[in-house]
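Novice: Next come the chains, spelled out residue by residue.
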Amino acid sequence: MPIDRRSIHETPARSPRVCVVIGLVLLTWLVLAGRLVQLQWISRPQLSQLADRQRSMIESIPARPGEIVDRHGRLLATTVTMRSLYVVPTRITEPWQFALKVSESLDVDADQLFERITKNRTKRFLWVHRRLDDEQADGIRDLDLPPHSWGFREEYLRRYPQGKFAAHLLGLRDIDGNGRGGLEQSLGSVIRGQDGRRTLVRDARGRVVDVREDVAEAPRHGRTAVLTIDAVVQLYAERELETVMKEWKPKSACAIVIDPRTCDVLAMASRPTFDPNRPVNVPPAAWKNTAISAIYEPGSTFKPFIVAWGLQKGVIAADSSFDCENGSYRMGRRILHDHHSYGRLSLTDVLVKSSNIGMAKIGERLTNKELFAASVRFGFGRKTGISLPGELQGMLRPLKKWNSYSTGSIPMGQEIAVTPLQLISGIAVLAGDGVLRTPRLVSKTVEHIDAIPEDVPATSFRPTVTSPAIERDIGRWLVEGPLVDVVKRGTGTKARLEDYKVFGKTGTAQKPDPATGKYSSQLHVSSFFCGAPANDPRVLVLIVADEPTVGKTHYGGTVAAPAASRLLHKTLLHLRISPGGKPLREARRP
Amino acid sequence: MFFRFGSAIFLVVLASAAGIALEKRNLELRREVSHQRYQLDVLTDRHAKLRLKTQQLGAPARMLDSLEKGELQIRRPEKSVESQPRRVPLLFWQRSTPTTR
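Protein chains in written order, with this note's numbering: chain Y, 1 to 590; chain R, 1 to 101.
Hints were generated in silico from the structure; no laboratory data involved. One or more of the hints may lead you astray.
What the hints assert, rightly or not - SDA-like mimics (lysine to any residue), calculated; alpha carbons at most 25 Å apart, straight line: (1) R/Lys24 - Y/Asp210; (2) Y/Lys246 - Y/Asp52; (3) R/Lys49 - Y/Thr558; (4) Y/Lys164 - R/Gly58; (5) R/Lys49 - Y/Arg205; (6) R/Lys24 - Y/Val211.
Next up, chain Y with everything else stripped away, as it sits in the complex (with noise of 0.2 Å):
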């Protein structure tokens, strides 16, 4: 049989039917092919990104804020743990029912907690109530309310166990744990720690499977703060300012006590105060820390720093007089006037008495740029640099603004404003050894919380700045001649002590009057500095009422040498220091 040939080589035709199937496949293969390359090539980065996304979840791990303790060890603030109270409001299918509960509970009010869970239905995550203690969580555990749709979060709480003690200082923290005002906020980054954080996987119904250790980091907890604070001075401080509030009622008052050799603070407080435990409803002006954030004209307080630079300078001698023109001096177009009329009086004398005139006539042989030189030497019209928040730099106006008015009011501590911080860190100078230091206030930070402070590796926290203002010599007779006598004979009698050669000077500004712009005659701020031993100074102290309301003597020697005098008697006793000036352990060594 013959093969047609044509048969063989010819394909049969196809159908249109078959050929509208076959693109068909070829099209859907095409369209899977194509939707393939987005996927896995032009979409890649961001849906890789997204299913990481839903895979996995970094959780924060808080590092535990470090403690202050003072520099005994005494706890100052610490960090506990508290549980937390939140609700998946996506999971509430009664949500009246569950805020009734949850109110019976806890002191939250059952229609708002309605609300808030009405108005975040598609949220898986709500607070309800922040840092519940024992007996509130155990309250809500005993509720029974439908599982899945709450929990407890583990947060940590700031707690200060000696309630206002120290408020100013230790400031506070926040509900976020943020530090707010004094140490808390300086020292934020050394004491917070650094948060660490692990990646958690999750299934495609979010719960946690595996918790991925290769990408988790360990959070470092937060130092403990080690401050030059002794706890029972800072005590003697607050009481002091207490009796000074409740006997003067003044607008505000600060303490503080600083050791002279080194500058470190002993105590600081201020009043009024708040409680860092309970900080609600706390009135503006008990914010303020005024040891550090309020300026005032420092009156006769400043005249040593004047003398002091007058001796250093040449211009004066120890033995030298002044004619104190008998109370009236008249200084270019100004009429100075001192409370009683002097004749010639020593130097020692112009101090005890705190004679204006002869003040002034100091001024005139220094002239206006030693007198700006002088404050400048002893710190005033900058910050003394303490790790404190707040701090402010007193008032110095540059010397071109200076005039003839300037030379009689500088030296008896007028046109001149300052903290009371950057006034005792200047009497410290004199106190001292004639160096400007930077008052400290922490001294050391150590790594672990229940540490002794003396027996654990320690990091500095601050170098002290120190700057040479004056010669020793003439800040030991300062202390030990006139300033002894002031409170021997002079205007601050009441801070005698019987044990102790106490040194001193009040201060007793008059203030602005808000109405006239003019000095008030009813407006003061009352202060007195003192210290002991004067052969061999350690203790200074520094009180300073704000506007005085009660009686009409507002004198630095009425108002604040009192309670100064007291604070510093119990400050010695309880640091044992020996009028000699050395504590007694170190006396007895041969």
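Starting from the known structure of chain Y, arrange chain R on it as the hints suggest.
Specialist: Frame of chain Y, contents of chain R only:
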């Protein structure tokens, strides 16, 4: 031939078993470390709470008034740091406070 094949299989199985054992041990240790971290956190917190309580109870603000009034008895250390009596000055509240030895 069979011996070699058997040995190879045995080695592979042995290596796998060792790997599994190591992995298990690794997991156990990780769990242990995790548990210990948790325990440490719990103990640290308990310690902090107890310390807070003791410091609140022994705070100078709470004790000093009573001490100064002589209302509290002070237990002095058995062995004094100072062999000689203090010359001056004594704390006022110590003068009037009865002591026990």
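Novice: Does each hint fit the structure? Answer for all of them.
Specialist: Hints, one by one, checked against the model:
{"no.": "1", "hint": "R/Lys24 - Y/Asp210", "in the structure": "15 Å, holds"}
{"no.": "2", "hint": "Y/Lys246 - Y/Asp52", "in the structure": "65 Å, violated"}
{"no.": "3", "hint": "R/Lys49 - Y/Thr558", "in the structure": "45 Å, violated"}
{"no.": "4", "hint": "Y/Lys164 - R/Gly58", "in the structure": "15 Å, holds"}
{"no.": "5", "hint": "R/Lys49 - Y/Arg205", "in the structure": "38 Å, violated"}
{"no.": "6", "hint": "R/Lys24 - Y/Val211", "in the structure": "16 Å, holds"}
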